[in-house]
Amino acid sequence: MRPLERVVAMSTMTYLQAVSDALRTEMRADDRVFVMGEDVGAFGGAFKVTDGFLDEFGADRVMDTPLAEAGIIGTAVGAATVGMRPVCEMQFADFVACGFDQLVNVAGKMMYRQGLSVNVTVRLPSGGGFSGGPFHSQNPEAWFMHAPGIKVVAPSTPEDAKGLLVGAIRDPNPVVYLEHKNLYRRMKGEVPEGEHVAPFCARVAREGEDLVVIAYGAMVHTALEATEDLEDASVMVLDLRSLVPMDEEAILAAVRRCSKVVVLDEANATCAAGAQVAALIAERAFEDLDGPVVRVATPDVPIPFAPALEGAVLPDVKRVREACRDLLAY
Amino acid sequence: MATTTFAPPDHDGAAPAHLTPTDRVALLRHMLLMRTIEERAMTLYRQGRVPGSFYDGFGQEAVSVGAAFAMAAQDRLCILHRDLGAHLVRGVQPARILAQYMGRAGGVTGGRDGNVHFGDHRLGCVGMVSMLPDMMLVATGMAMAFRLRREARCAITWLGEGSTSRGDFHEALNWAGVQRLPVIFVVENNQYAYSTPTAAQYAVAPAQRAAAYGFPGVTVDGNDVEAVFEATRVARERAVAGEGPTLIEAMTMRMHGHAAHDDMSYVPPELLEHWRARDPIDRQEARLRTLEVDLDALRDEVAATVRAGAEEALRSPEPDPATATDRVFADEEVHLGDGCAPWSGWSR
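Chains A and B, in that order, give the protein sequences. Using my numbering, the final residue of the first sequence is 330, and nothing's skipped along the way. Using my numbering, the final residue of the second sequence is 348, and nothing's skipped along the way.
Everything labelled a hint here was simulated from the structure, so no lab data went into it. Just to be clear, a hint being listed does not mean it is correct.
[Unchecked claim] Quick look at which bits of chain A chain B covers, simulated, 3 or more residues with Cβ under 8 Å: (1) 78-84; (2) 100-107; (3) 140-154; (4) 269-281.
We treat Cβ as the ideally placed atom computed from N, Cα and C, and that holds for glycine.
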């Protein structure tokens, strides 16, 4: 007998619309939730995620803040300690560096030190691929993976863009939510209407058994495209979705099944999320491997502006395909 | 907006309008308790029972006690490392404080953080981080939530004059000014940030800078507990009336080194002499003598309380090493609760 399934109405949305839908759904359902950031009100956000929110929710809950990232995160922490659920928008992920101390030293350590939860969601429009240059293209997730007490999630699909953001807003901890700018309007998909929460765990984006590409965010799509027709090889793509907590069992299961692993990051290579995945595999799945763990990532350089230079450093379909071919032939 | 200097409430000999004799004794008692606990903790440090270093607020007792005394139970506090008095006013017991210094399981953080790096969230207090003005933004955010929910409550935080050099100081004052938030910033100007004197710290006095953010800055004698109380009481009234933040610059002196290891040879002895003659406890005692308060009995009671607290703290076990990786993440939301508010004004 099939389990009973709830009939869920679906809508086709872009990734960007799904982010908006998550915020709108939570703000309608819960008056503790409010958004704050630079130009999120009258302008509707630099990427229009909160377009129309001001009219529906008012200026108190769609708060245009001073231009101050430490201020945005620090005041959000304070509001959370007295029972609010703030959602902070960094205009670009890169700018979170200015609020780093508040996130890492104040928010991340609060529960451990004094048993006080900090339910703050920090949205980071991240990633490159459109000549944003060194300050509008970064993938800073590893900074926060290294800081205890902060969860880090990175959706790749519209469905997860909604589900993980709702999950982040409801999670009692500080959550860094990476929304990839290159997916905002490029990705379209079916998204459940109303209540929809995605768990902070990995998802198999495509089944396969000869090799697995482990990725997250925009790179999931790069991985899918690079391996959809690869000399009859059956390639699994594992979408991590959550970097903290990292779904170790899903990673190990994929390695056991495929024996060959390519780990793909758009972030700079050193100490990236993919480095953590590779270390996990080396420690706990060495016997399951049938070849070296191969990493594809952005070299340790700032993200350059000119398309010719940016294209030379960001992982693309061609690089991933070559890495997979080489490993399949190993 | 002019900077004003807050006159001590009884500088002309009149009794303060908002303090009963019982309140005035309570102010003294909390200062005595703070000093006695810190003296006991210094002894424990010298005995090797306090790991790390030890930081105290000797000579600055009036700033935390006076300001915290003006706050209501539903207000929220971000408390710094020379402000033990604020924790005492909110109701933290001496045994938990002394166990905290020793890193014991019975300390407020159960050994997870040391010194005065603690806040009992059940009493409405958030413990500091070492980057001191960070808490200014946290307090500002509490006030922002109160305003969003139309609640007549107030947030307060303390900071040192060294904190005024950091960006978070500017971001918090600007934010609080722009949104006219119910928050009070108490700058505890104790003349030195570690070894750096005020002349190397700022060109414009902290109180004067408040005007640039659109709200009043007041200067108060930080070694006069009743003056600090009164300045904070007025600031709180303004805050809950929707009139916005206040910056209070409490002038005081750090009478000990930055921490236990620091002999503060960089401080001119005559400066210490100047301030020693203005000791906040001596001054409050002098006032209360005219009220025929039995000060000896009060001192005995405080000494006995701290002695009992120390004995209890010493009985507290070390934290279990097996728990060192527990509770990095919350399973459910935990918010700040209400604290003690002993001022008689809250029971009227």
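Consistency of the hints with the structure:
By the rule of at least three residues with a Cβ nearer than 8 Å to a Cβ of chain B, the coverage given for the segment 78-84 of chain A holds, with 7 such residues. Coverage of the segment 100-107 of chain A by chain B holds [criterion: at least 3 residues with CB-CB distance below 8 Å; count 4]. Note: the segment 140-154 of chain A has 3 residues with beta-carbon separation from chain B under 8 Å; the three-residue rule is met and the coverage holds. Proximity of the segment 269-281 of chain A to chain B, defined as three or more residues with a beta carbon under 8 Å from a beta carbon of that chain, is not established by the 0 residues found.
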